[in-house]
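K.L.:
Note that the protein sequences, when read in sequence, are chains A and B. Note that our numbering numbers the first sequence so that position 32 is 32, with each residue one more than the last. Note that our numbering numbers the second sequence so that position 122 is 122, with each residue one more than the last.
Rather than coming from a laboratory, the hints here were simulated on the basis of the structure. Do not take every clue at face value.
Straight-line C-alpha distance at most 25 Å; calculated BS3-like pairs for lysine-lysine [claimed, not checked]:
1) B:K49 <-> A:K14
2) B:K135 <-> A:K14
3) A:K18 <-> B:K135
4) B:K49 <-> A:K19
5) A:K19 <-> A:K76
Computed from a prediction, not measured in an experiment: that's the story for all the values here.
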Amino acid sequence: MDMTTIVLDDRRFKAAAKKAEELGTTPEEFINSLIDAATLTFDEILAPVREAFAASGATEEDLDDAIAEAREAFRKQSSGDVKS
Amino acid sequence: MTDAARPRIVFDCNVLVQAASNANGPSGRCLELIEHSVVEVYVSRATLKELRAVLAYPSVREKLPGLDDQRIEAFVQRFAFRATLIRDVPHVFDYPRARQDEPYIDLAAAVEATHLVSRDRDLLDLATDHSLIGKEFRQRFPRISVLDPVAFLNVNSK
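The shape of chain A in the complex, shown without the other chains (with noise of 0.2 Å):
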């Protein structure tokens, strides 16, 4: 992949080194991605994830199962960072 340097003042890489950081994610991906949602649509952001779940033989139910498992857990894990 051909690479580019651009220049970012400091205000702004420390602000998105943060909201990476917050995301789990490097300053890198973290432009990357926001260059990417304001350029791609849906489909050509989704295009290879929805080739390999049709790929994968999992069912629209398959995939409801493992919604709800990751919203219990997160619900979980909402009400204790709220205890905590």
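Following the hints, complete the assembly by docking chain B onto the known chain A.
P.N.:
Same frame as chain A, but now just chain B:
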């Protein structure tokens, strides 16, 4: 279509995650409506946080093998980019049966949403349930239709 004429929607995160898996299913078609600004979509910090967490959860990642960290972030950012972020959402409705749904109900109430779209039985039951809580919801928020994606698409294709 003017902003005043567009449906004002809150999407449950299960619709958005299903939309990530398939462009042609009902949830994927709802995402198309967002992409083309056919609907006015609202999000809050709480709903975005849950969407990000659910997409990153191991069993969801396992079902969506093409989803990496950067794609999750791009999807969430794209969604936020197409939506209106409501920063302060007052808590107005207790739903002990499904506390995780309260941020969506609160957001729908705050923006006077026309529709709350979900695949979740707990939320969908609010529209039809004969329980006290279901009746209270419909009395307090008579203009919010709680629909699944198929019903929502049917209403909006007329």
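K.L.:
Now look at each hint and say whether the structure bears it out.
P.N.:
Comparing the hints with the structure gives:
The straight-line distance between the Cα atoms of B:K49 and A:K14 is roughly 22 Å, inside the 25 Å bound, and the hint therefore holds. Note on B:K135 and A:K14: the hinted pairing is violated, with a Cα-Cα distance of about 49 Å set against a maximum of 25 Å. Only pairs whose Cα atoms come within 25 Å are accepted, and A:K18 paired with B:K135 is rejected, the gap being roughly 45 Å. The straight-line distance between the Cα atoms of B:K49 and A:K19 is roughly 13 Å, inside the 25 Å bound, and the hint therefore holds.
Restraint check for A:K19 and A:K76: satisfied, since their Cα atoms lie roughly 24 Å apart, inside the 25 Å limit.
Going down the numbered hints, you'll see the structure goes against 2, 3, while the others check out.
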